[in-house]
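As a plain string of letters, each chain reads:
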Amino acid sequence: MMYKIWMSVVKEFLLLKRDLGGLIILFIMPLVLVITVTLIQDSAFKTISDNKIPILLVDNDNGSVSKSVFENLEKSNLFSVITQIDNKPITEEVAKEAVYKGKYQLAIIIPQNLSIDLQTKIDQNVENIVSKMGLTETDTSAQAEKPKVIKEKEVKLYFDPAVQMSFKNAVMSSIDKMISQIETKSIYATFQNQLGEGNIQFEQKSFITFKEIIPRINNKEVLPNSVQHNVPAWTLFAIFFIVIPLSINIVKEKSQGTFVRLLTNPVSNLIVIIGKTITYSIICMIQFYMMVAVAIFLFPHIGLPPLNIEGHLFLMSIVALFSGFAAIGFGILLGTVASTQEQSAPFGATSVLILAAVGGVWVPVFAMPKIMQIIAKSSPMNWGLEAFYDVLLRNVSFLEIIPKISLLFLFFIITTSIALFYDKKKRTV
Amino acid sequence: MQSIIKIESLSKKYKDAEMYSLNSVSLDINQGQIFGLLGPNGAGKTTLISLLCGLIKPTSGHFSIDDLNYSNHASKIKKIIGVVPQEYALYPTLTARENLHYFGSMYGLKGNHLKDKVIETLDLLGLLKFADKRIDTFSGGMKRRVNLIAGILHNPKVLFLDEPTVGVDVHSKNAIINYLKVLNQNGTTIIYTSHHLAEAEDFCTNIAILDQGQIYAKGTPKALIDATENARNLEDVFISLTGKELRDDV
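Order-wise, the sequence lines are chains A and B. Residue numbers 12 to 440, in the working numbering, belong to the letters of the first sequence in order. Residue numbers -4 to 245, in the working numbering, belong to the letters of the second sequence in order.
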């Protein structure tokens, strides 16, 4: 039996060796993928700061608030503020059209009299508070005069419809924060004027600040960076892409007639599957070590931080191996059920994308809707990803990853058993 | 002579099919025979061979090979039979030698014995100098010969051949038939399907003519010709038994 398994492994390697396209899918594409995605994600903010995003500012206020907004936007290092096009001040209509056509990603429209109205509103509020506290003399003429009604002001934001929600939310939140700060500053200044003609000094620095406490491993701070996040995620994604060549391999065996020949030989289908599992597990591990090597040795040369796997390589290898098993099980099932390569290849690719999406490779599971979070927990890609994060970022021991790798192995056993059962059932028709 | 294959009331009806592909077929094939299963398209020849090779399960009936009942001794039977399917059941990107080493090892052959057997059979079928060429560079006739070798490396007691000479040139056909005759002389019982009636008449010691899942006639080619009025050859017997109607099969 061992010799038959060995010969099956040799045969699988020979088949792969002679399949250039398959080799590219197995070894080159994952490397390209992990390098590209990590580069994009890591340098996202660097790119923004190096090449500022041009945004349009329509200043209908021409007051202190709009000046403050302009200065804060410029200071933020994220944006370069454009207030004129072709040497003409921008109107709201022009800005709107330019943004909706995708020429710019954002336009901010500061309404007329924002500074004056804001100051008037604050004055009214402060005066009201101060008078209620009995700190000022009551002016009878003023009492008779009703305070001017100030309508709420609206700063309009126009976004390019192609802009992603995450970018939109980040920009809206930082503009909201900026405007709040301007308002707070104005309120403090008005109180200052009302109360003591400048002799009372309010501390305008934020009282509450926050600090991230970074986990320490072996007395060293482990600061997760994009590489620590991306390499495990995309390595796992690449490992699962083994589903495509493996399912094609099985479909080919059926269409070439070699599978039928094997059925007539004194060899069980299980031995054939063990041969494929060993071969593709070795490939998964080669893929994994190649990607880790690239992340450690190549990344620093292309401006990325290196992957820090200090003391984690063994556990990471175990997670990669069991993730590989899960992918192989899925590939075997797909190859057994599919009748043609036209069925197995697109279905394999699409299902891996879905598994990745559901598993939290692109969007973290906690950010998903409730129902998707439940589905995510049943995705093998999620078990693998969480196991990788446990090892690499949460510094857990082998015992703590056992539940996740057991699930991955169980997935392999179930999918392979279904494949064997399906094949047997098919032959009894 | 002793029966090596005993088939008793073997039937096969595929799922959703209206008719039986094989309907209560009983047949004895003796050791050392070259037994031809002949019949028009859809007669049930491939179904019968697939059943005997264990590729599909019968709906009813049973059979034994070398006194081993298939339902109880499937794996033992697989060791003593060889199968040469109609399609080239080979890995196109592997060489002839790599293919044969792999399929030979699946029959339990290994080491020098396997290597020597591969070289010997490749040589006998005129393929030794192409041993390390990939199958996808071979002509149809060369592929057929490698396909045959892959089924006989383990010296099977019973060899099933499904259209072994279809689509090959005369030289390859002769090489295959001559080699099969040598195998038979060395004790291998051969069960063979073919549409080449002249070839079957010359090659087979015994014949069964199947149609619509049933055996219409069986015997030696000479006996069948003699028993059929105005028949000069096996083709006349065949037409007489199965009619002239076209049997397109989908």
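Keep in mind that the hints were calculated from the coordinates and are not lab data. Just so it is clear, the structure is predicted and the values come from calculations on it, not from any experiment. Every residue, glycine too, gets a C-beta built ideally from N, C-alpha and C. There could be a bad hint or two in this list.
As the list claims (entries may be wrong) - Covered, in the sense of this in silico footprint (three residues per stretch, anywhere, with C-beta under 8 angstroms from a C-beta of chain B), are these stretches of chain A:
1) 125 to 139
2) 257 to 270
Unchecked claim - Listed below are the simulated DSBU-like cross-link pairs for lysine-lysine, each with C-alpha atoms no more than 35 angstroms apart in a straight line:
3) A:K435 with B:K71
4) A:K28 with A:K107
5) A:K263 with B:K8
6) B:K128 with A:K265
7) B:K74 with A:K263
8) A:K164 with A:K265
9) B:K112 with A:K28
10) A:K436 with B:K124
11) B:K217 with A:K437
12) A:K437 with B:K152
13) A:K435 with B:K217
14) A:K107 with A:K143
15) A:K437 with B:K105
16) A:K437 with B:K124
17) A:K263 with B:K105
18) A:K435 with B:K213
Stated by the list, open to error - Covered by chain A, according to a simulated footprint, are these stretches of chain B (three or more residues, beta-carbon under 8 angstroms):
19) 48 to 61
20) 69 to 75
21) 97 to 106
22) 192 to 203
Would the hint linking B:K112 and A:K28 be met if the CA-CA limit is 35 angstroms? Distance of about 26 angstroms is within 35 angstroms: holds.
Holds or violated: A:K263 with B:K105, Cα cutoff 35 angstroms? holds (26 angstroms)
Pairwise hint evaluation, A:K143 against A:K107, where the allowed Cα distance is 35 angstroms at most: violated (45 angstroms)
Are there three or more residues in the region 125 to 139 of chain A whose C-beta lies within less than 8 angstroms of some C-beta in chain B? Violated: only 0 residues of the region 125 to 139 of chain A have a Cβ under 8 angstroms from chain B.
Count the residues of the region 69 to 75 of chain B whose Cβ falls closer than 8 angstroms to any Cβ of chain A, and tell me whether that reaches three. holds (count 3)
Can the restraint linking A:K435 and B:K217 be considered satisfied, given a maximum Cα separation of 35 angstroms? Not satisfied, since the Cα-Cα distance of roughly 42 angstroms exceeds 35 angstroms.
B:K128 and A:K265 were given as a pair; does the straight-line alpha-carbon distance stay at or below 35 angstroms? The hint holds at about 23 angstroms.
Outcome, coverage of the region 257 to 270 of chain A by chain B - at least 3 residues whose beta-carbon is closer than 8 angstroms to one in that chain: holds (count 3)
Holds or violated: A:K437 to B:K152, with C-alpha atoms at most 35 angstroms apart: With a Cα-Cα distance of about 29 angstroms, the restraint between A:K437 and B:K152 holds, given a limit of 35 angstroms.
Given pair status - A:K263, B:K74, alpha carbons within 35 angstroms: holds (25 angstroms)
Does the structure keep A:K164 and A:K265 at a Cα separation of 35 angstroms or less? Violated: A:K164 and A:K265 sit about 70 angstroms apart, past 35 angstroms.
Taking 35 angstroms as the top limit, are the C-alpha atoms of A:K435 and B:K213 close enough? holds (34 angstroms)
When held up to the earlier numbered hints, the structure conflicts with 1, 4, 8, 10, 11, 13, 14, 16 and 22 and fits the remainder.
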